[in-house]
Amino acid sequence: MSKYYLAWAKDEEIRKKGANGGFVTATLVSALENNFIDAALVVAKKSVYEGIPVLTSDPEVVKECAGSLHGAPINLTKYVVDYAAKKRIGLPTKPCDARGIIEQAKRRQVNLDNIFMIGLNCGGTLHPLRMREMAADFYELDPDSVVKEEIKEGKIFLVSEEEGGEEKEKWIKIDELEQKGYGRRDACKSCVTKIPTSADLACGNWGVPQGEKKTFVEVLTEKGEAILKNAIDSGYVDIEEAPGKGIEMRKKIEAGMQKLATSWKERMDEVSTLSRSGRFEFYVDALKNCIHCGACKEVCPVCACEADSKCLDMNDERDSYAISMYNMLRIFHLMDSCIHCGQCEDVCPVDIPLTLIQRRFSERMQRHLGYIPGMDVKEKPPLYETELRWSAEAE
Amino acid sequence: MVEMKIKSSICPGCSVGCGLYLLESEEGEEREIKILHRKNSAVNEGKLCKFGTDLHTYYEREVLNNSVEGEEVKQEEAIREAKERLGSIKPDELAFIALPSTITNEEILSFVSLASEFGCENVSFGFERFFREIPEEASYIIEKGLSFSEVEKATKIILFFLDPFVHYPLLARRILKAKKNGARVIEVSFAKNERGIADETVLVEPKGIERIKEKKELFEDSLIIGELTPYMNSQFLELMLWINASTTSRLFLLKPFLNSTGAFLLGGNRNGKEARKRKDLFEILGGIEGGEIKALYLLETDLAGAMHGSEELFETISKLDLLIEQNAFRTPLSDVANITICSEPFFMKKGTLVNIEGRVIENGGESENNVQIMESMGKGRSYEEVHEEVKRRLGLAEISEFEIAVKREEKSFEMAEPKIEIEERKEEEGKEEYFLWYKTNPFFWNGIRAKNFVEISPAAMRKLGLFRGDEVEIVQGERKERMGFKISELPDYLILSEAKMSIKPLQGSLTRVEIRRAGE
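For the protein sequence lines, the chains are W and D, in the order given. Per our numbering, the very first residue in the first sequence carries number 1; after that it's consecutive. Per our numbering, the very first residue in the second sequence carries number 1; after that it's consecutive.
For the record, the hints were derived by calculation from the structure and aren't laboratory data. C-beta: ideal position from N, C-alpha, C; glycine also. If a hint is listed, it holds; no wrong ones were tucked in.
Straight-line distance between alpha carbons at most 35 Å, and here's what the computed DSBU-like set of lysine-lysine pairs gives:
id : chain 1 : residue 1 : chain 2 : residue 2
1  : D       : K7        : W       : K223
2  : D       : K5        : W       : K223
3  : W       : K310      : D       : K5
4  : D       : K50       : W       : K87
5  : W       : K17       : D       : K5
6  : W       : K46       : D       : K180
7  : D       : K177      : W       : K288
8  : D       : K153      : D       : K177
9  : D       : K419      : D       : K451
10 : D       : K83       : D       : K7
11 : D       : K153      : D       : K350
12 : W       : K245      : W       : K173
13 : W       : K168      : D       : K153
14 : D       : K180      : W       : K265
15 : W       : K152      : D       : K180
16 : W       : K155      : W       : K170
17 : W       : K46       : D       : K7
18 : W       : K63       : D       : K350
19 : D       : K7        : W       : K189
20 : D       : K50       : W       : K45
21 : W       : K168      : D       : K391
22 : W       : K148      : D       : K407
23 : W       : K148      : D       : K153
24 : D       : K180      : W       : K310
25 : D       : K7        : W       : K155
26 : W       : K259      : D       : K177
27 : W       : K173      : W       : K265
28 : W       : K170      : D       : K177
29 : W       : K310      : D       : K50
30 : W       : K45       : D       : K34
Over the 10 Å line for every Cβ pair with chain W, so calculated as not near, a few chain D residues:
id : residue
31 : F118
32 : D199
33 : S367
34 : G380
All chains should be built: construct the whole structure from the sequences, respecting the hints.
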C-alpha cells in the first residue's frame with residue numbers, strides 16, 4: 001500500500017505555524033471543512049511545556065493547535081475511547097497513540113473505520129518539568145521565556161523571546177543531555193517504533209531535503225489515501241513524489257534511531273545484571289510502595305477493563321502481601337499488550353519504574369507469542385482472558 | 001457531539017495542593033467529570049494519590065440549593081435573609097467556621113471581613129487553640145511549611161508518627177528521593193511502617209511517649225516531618241516544638257486542609273496574634289453546647305463529615321438559633337440549616353491558594369460567585385479588589401506556581417519542657433488493654449475514602465480467636481464499631497485505623513478501647 005510523497009500546506013499561515021510545512025494541520029482542517037470527519041482531536045498548546053487535548057469541529061481551533069509540542073507527553077487513546085468512539089474523527093497520532101487506538105479497536109472500544117490517524121514520526125517526548133529544568137540549567141534560559149522548541153538532527157532547539165521581542169535560538173545535542181539524565185522520557189528513549197506504521201498516514205521531516213519546509217508523507221491505508229485526496233482536492237495541500245534519496249534517508253534515520261533505542265533499553269535495564277535474589281529484591285522494593293491509587297490503570301492506553309477488572313476485584317487491601325494482587329494481575333494482564341509508552345510511570349505517585357518492570361515481563365512474552373501489540377488490527381491479542389472477552393462479545 | 005472542557009485545577013484533598021486537569025464533558029443531558037494528570041504541575045508533576053485520581057466522585061455529590069427554612073429560594077433572597085438574621089444576633093453570640101480545604105485566599109479575606117462586618121471575633125479555620133498554647137515566636141512553624149525540594153535535600157529525616165504513604169502520598173516520593181540522595185530516614189512511631197521506608201524505627205509505647213524526650217540527640221541535624229490536625233493533642237505539638245527548639249532540627253508540619261497556609265496568613269493570623277484571641281473549632285462547638293454561641297456560619301465545611309461521632313454534633317447544632325451553610329454540595333447538616341446558600345464547586349472558582357510549600361497557585365476556574373456572595377453581605381468589594389488585597393498581603397507582584405512565594409525563616413525560640421499525660425483509666429482485671437491509633441483523621445481527604453477495616457497484631461488475632469473474614473467490635477464506653485480487620489506487624493496492644501469511626505480520639509489520635517470478636 002505504501003506510497004511516499006512530500007507534502008505541504010498551501011495556506012501560508014498554516015505553513016508558517018505548522019511543523020514541516022503544516023501538512024498535518026491543513027489535512028485536518030480540510031477534512032473538517034468538507035465534513036470528511038465530524039471532529040478533530042488535537043492538542044492545544046498552552047506553553048511549550050503544556051498541551052491540552054481538544055475535541056473540536058472548528059477548523060480555526062485546529063489551525064491554532066498547529067506546530068510541534070514535545071513537552072506534552074499525552075497519549076490520546078483514552079480520549080478517543082471516551083469522547084469520540086462513535087464519531088468520525090481525525091487526529092495526529094504518535095506511534096504510541098496509534099498503537100493504543102489499534103489495541104482498543106481489538107477490544108471493540110472504538111471503530112477504526114471512523115478514525116483517521118495522521119501518524120507523526122516520533123523521536124520521543126520530554127517531561128515538561130525536566131524540560132523546564134533543562135532550559136534553566138543547560139540552556140541558561142529563563143524557562144518562562146521559551147516560546148518554541150524543536151527536535152531535529154539529533155538536537156533539541158529552544159527558542160526564547162528576549163526583551164524587546166527578539167527571538168534567540170539555542171541547541172544542545174540530545175545525546176549530551178541524555179547522558180546527564182535529561183532529554184526524552186525513558187519510555188521514549190527505549191521505544192523502537194519511530195514511524196507509526198499502524199496509522200493511516202505517517203508524517204515527519206525525515207527524508208525531506210535539507211532546507212525545505214515540507215512533510216514526508218507515507219500513505220499506509222486506503223483511509224489515509226482518502227483523507228490525503230480530500231486535502232489535495234479541496235486545495236489545502238500540495239504534494240510531489242518523494243525522491244528515492246529521501247525514502248532511503250528516512251529509512252536510515254529510522255534504523256539509526258531504533259539502534260539507539262535498543263542500546264538505551266539495554267543501558268536502562270538495571271535489573272538484568274542482578275542476581276536472582278537481587279531481582280526479587282528489586283521487584284519487591286519497587287512494588288511494595290504502591291498505594292493503589294489506580295492511576296496506572298486509568299491512563300493505560302491498552303487497558304479496556306474500566307471498573308470491572310480483575311486487578312481491582314481480586315485485590316484486597318486487607319491482604320498483607322509486599323507485592324499486591326493488583327500489581328501482579330496488571331503485569332500479567334498487560335504481558336501480551338503493553339506498548340511500553342510509559343504513561344503509567346509518568347503518573348505513578350510513588351515513582352515505581354513501571355515501564356521497566358512491565359517491559360521486562362511483556363517484551364519476552366510478546367517475543368514468545370510472536371505478537372507486537374498495536375501494529376495490526378487483524379491480529380488478536382493472544383492471551384486467554386482477552387479471548388474470553390472476544391468470545392463473550394461474539395456470542 | 002461530546003463537548004469537552006478542560007480546566008486546570010488543584011486537588012482539595014490535603015495541603016500538598018496537587019495540580020490536575022478536570023475534564024467536563026457533555027453529551028445531551030449527560031454531564032461527566034474526569035480527572036486528568038497535569039504533568040506540568042510544579043507540585044506533583046502530574047502524579048496524584050487515590051483521592052486525586054478519584055476526585056470526580058468528590059465533585060459528583062448532591063448539589064446544595066439556596067433555601068430559607070427548607071423552602072427553595074433564589075440566591076439573592078437567601079443572601080438577603082442571611083444578612084438580616086446575622087445582623088439581629090449579638091456579635092459575641094456569632095461564630096464563623098471555614099475549614100480551608102476548598103476555600104481560596106480571596107474567599108478567606110471576604111470571609112474574615114464578613115465576620116467583622118457583624119462584629120464577630122469567633123472565626124475559626126480549625127487550628128486557633130494551637131497558637132494560644134505555644135510561644136508566639138514558634139507560630140511560624142504552624143503557619144508555614146517547607147518546599148519539597150528541602151525534603152529531597154535533607155540528610156536526615158525523622159517521620160514523627162507519620163506514614164507518608166497513608167497521610168500525604170505525594171510526600172512519600174520526595175522522601176524516597178531523599179533516600180536515593182543518601183538521606184537517613186528514621187521513623188518515630190507506635191508501629192513500624194509496613195513498606196519499610198525508614199532505615200531505623202524508634203518504637204514508642206503509648207504510655208511511654210515521655211521517653212522520646214530522652215532521645216533528643218536522635219533529632220539533631222534532622223528534618224522532622226509531622227502532621228498538625230485540629231484533633232491533635234496540644235501536648236504532642238508542644239513535644240515536637242520542644243524537640244525542635246532544643247536541637248538543631250527543622251520541623252515541617254503538614255496539614256489536612258489545602259489552603260491552611262493561606263488561611264493562617266490571610267485570616268488575620270499573622271504570627272498567631274489574631275488566632276490567639278479566637279475560639280477554635282472545638283471551642284466554638286463547646287460554646288454552642290453551652291448556649292453562649294447562638295448562630296453559626298459554615299463556609300464550605302462539612303462538620304459532620306469531619307467529626308468522629310456525628311450524633312453528638314447534631315445535638316449540639318440543634319441548640320443554635322441560626323445555622324447558615326454556604327457550600328457547593330449538601331452535607332448532613334444541610335437538612336437542619338436555617339439558610340443554605342449554594343456556591344460554586346471548587347474547580348469552577350477563580351482564585352489563588354497557598355500550598356504547604358508556600359507556592360501561590362491559581363485555581364483554573366472563572367467563577368467569582370463565592371466571593372461575591374460574601375462581599376454582598378459585607379464590604380461590597382469586587383473580586384479584583386479582593387484579589388489585589390491578597391497579592392498585597394502576600395507581597396506578590398506576579399503569581400507563579402514555579403516560585404516558592406511564601407518562604408519561611410527559621411527562628412529560635414524558648415519552649416518549656418512539656419509533660420505528656422496519657423488518658424488514665426482503671427485497669428479491669430482480666431480485660432486486655434488496647435490502644436486505638438487513628439493513623440489518619442477525618443479532615444484529611446475531606447473524610448472521603450476512609451477504610452472499612454482496622455489493623456491488628458497477629459497476637460491480638462489469636463487472643464480474640466479471629467479467623468479470616470471475621471469482624472471485630474471496637475468499644476469505647478457506649479460507642480461501638482464493627483469493622484473488618486487486617487493483620488499487620490504491630491505491637492500486641494495496638495489497633496491501627498484509617499477508618500472513620502464514632503470512637504473519639506480522646507488523646508489526640510490515640511485512645512484506649514476494648515476489642516472483641518464481633519457477634520460474641
